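Chemist: Here's the letter readout for the chains.
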Amino acid sequence: MAVIENIEMQDVEAQELAEARKRKMMAVAVPLGTALGLIALWQIGVKAFGVPTYIAPAPSDVAVTFVEKFPILLENFWPTLFESVAGFFVGNLAAILIAVAFVHSRHVERAFFPIAVFVNTIPILAIAPILVLIFGPGITAKVVIAALICFFPTLVNMVRGLQAVSPQALELARILSASKSEVFWKMRLPSSLPFLFSALKIAATTSVIGAIVGEWVGADLGLGALIIDATFNFNSPLLYATVFMSSGLSVIMFATVATVERAVIRW
Amino acid sequence: MLDGTNMDTAASLKRASVRFGSLTALQDVSLDIESGAFYTILGPSGCGKSTLLRLVSDLIPASSGEVSVLGKTTEQARLAREFAFVFQDATLLPWRSALKNVELPLEIGRSRGIQLPVGTRTPRELLELVGLKGRENALPHELSGGMRQRVAIARALVCQPKLLLMDEPFGALDEMTRDRLNLQLLDIWRETGTTILFVTHSISEAVFLGQKVVMLQAHPGRLRDVVEIKLPDPRTIKMRDTPEFNQYCGYLRDLLETC
Ligand SMILES: Nc1ncnc2c1ncn2[C@@H]1O[C@H](COP(=O)(O)OP(=O)(O)OP(=O)(O)O)[C@@H](O)[C@H]1O
Ligand SMILES: [Mg+2]
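Chains as they are written, first to last, in my numbering: chain A, 1 to 267; chain B, 1 to 259.
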């Protein structure tokens with residue numbers, strides 16, 4: 001009897017495992033299949049209607065270009081990666097420090113928050129040329145633009161996170177006679193981390209947008225420059241390949257932040 | 001030293017009042033908490049039970065009157081870690097393991113010379129005392145509500161408080177868990193010799209735990225009566241079926257209705 005039960009149990013478990021695996025596979029297979037289907041449709045459509053390549057290249061053309069022009073793509077990938085990452089760090093660090101200052105002092109918040117909101121209302125495309133004029137055509141302007149685009153969401157989230165400590169936890173701190181800095185390091189900062197990371201995941205992709213916008217305005221190198229170049233030369237396959245490269249960069253940035261988040265936030 | 005307090009008094013209120021703007025939450029409460037005793041506090045909702053604990057623990061000041069803890073002002077007592085507080089929800093830091101949560105009070109205030117009583121029990125031993133041996137590294141979300149509350153009790157005990165303030169600590173738990181924790185708390189109380197002030201909504205919990213039941217009345221919050229519970233120690237679950245126990249409950253229920 002015991003043996004039979006055991007076998008049945010194993011059977012049930014195996015069945016459940018198989019079902020879980022199937023569910024997981026479906027979760028990947030369905031969107032992947034849809035994407036492949038759309039690409040196939042695009043290929044067929046372009047070929048069937050004879051759409052000129054410069055208007056809409058067939059996926060096969062893009063793929064060929066991607067392989068052939070890979071050295072050029074990669075050469076332009078590195079500067080954009082550098083600008084995005086540098087902008088990501090500068091912008092988020094500034095946002096975190098200012099958020100700390102805001103939470104520390106109401107006066108600082110009252111003085112600077114309206115300015116931060118105002119800066120945030122200026123479209124990044126409008127402010128990019130100004131920054132390029134100020135910082136020149138070098139890499140600095142792109143880093144600043146990428147930093148600027150990261151800044152505001154992180155600031156807002158970080159302020160919220162630092163204030164997310166429950167009133168009861170603050171009472172506990174008071175009963176323990178904790179100092180302001182102990183409350184900060186032991187309560188406010190850890191409880192802000194989930195808020196911070198949701199902002200950092202946004203910043204991971206927007207910093208790439210910032211870097212590319214900066215390169216549009218003025219650069220010889222970088223994915224943004226390559227996009228402009230390919231567009232003006234009606235080199236659509238290269239344009240599409242560059243766009244894929246750019247979104248690849250965003251995906252890498254996002255995945256990195258998400259991985260760090262999973263390692264840091266276990267609660 | 002404040003006058004009129006002797007060392008057998010864990011806490012003392014003299015005509016203490018607490019006002020929030022125009023609302024009087026507590027009015028002229030005079031009460032001596034005997035050292036080493038288990039007090040439970042009963043009263044209708046909003047009568048100022050939490051306010052009383054918050055007053056004793058220096059979370060809010062008295063609008064008038066005097067409050068002292070072990071002959072010190074509440075602030076001095078807080079700085080000397082004479083008392084600890086257990087809230088209705090455990091208030092654990094979710095990113096810290098059970099053990100790390102218990103260690104929190106030991107990490108705070110060291111640099112500023114806040115006196116920490118030298119605990120004879122380590123955080124590990126305290127977790128064992130509350131029956132959580134083996135779960136030291138669990139994060140709060142991996143523990144049940146009752147387990148979390150026990151971690152909070154261990155955390156409260158880590159500085160060896162002479163006075164333990166508990167505001168409906170088991171209010172959110174099911175009856176069976178509550179019974180078990182009540183017995184555990186009585187064991188801890190006997191073993192540590194600490195004074196306990198325990199707020200509850202449950203008449204039977206108040207009678208079961210308390211040597212004295214402090215009855216507050218509402219509008220404005222005032223002391224109604226202190227009822228001594230003369231049930232034999234140690235208390236057992238069975239005791240709740242005795243006529244004496246039920247007499248106390250009946251008496252308090254009637255008293256509560258007039259509050
Ligand atoms: N910080 C505060 N500001 C203003 N009013 C308050 C404050 N804290 C408590 N009160 C008021 O004081 C009165 C007593 O509140 P308290 O929390 O002490 O009641 P309680 O007896 O603990 O009630 P319950 O049994 O529902 O927990 C209530 O009328 C409440 O609204
Ligand atoms: Mg209350």
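Honestly, the hints are just simulated from the structure, not real lab data. Fair warning: this is a prediction, and the values are worked out from it, not measured in the lab. Virtual Cβ for every residue (Gly too), placed ideally from N, Cα, C. Each hint should be verified, as a subset may be incorrect.
Derived EDC-like pairs (lysine to aspartate or glutamate); straight-line CA-CA distance at most 20 Å [to be verified]:
1. K22(A) x D58(B)
2. K100(B) x D11(A)
3. K180(A) x D8(B)
4. K100(B) x E182(A)
5. K186(A) x E103(B)
6. K186(A) x D8(B)
7. K72(B) x E142(B)
Pulled from the structure, derived: some chain A residues nowhere near chain B, Cβ distances all over 10 Å [unchecked claim]:
8. V12
9. G33
10. A63
11. E68
12. W78
13. L81
14. H104
15. A111
16. I124
17. M187
18. P190
19. S198
20. G248
Chemist: Check each numbered hint against the structure and report the violated ones by number, ascending.
Modeler: 1, 2, 3, 6, 7, 17 and 18
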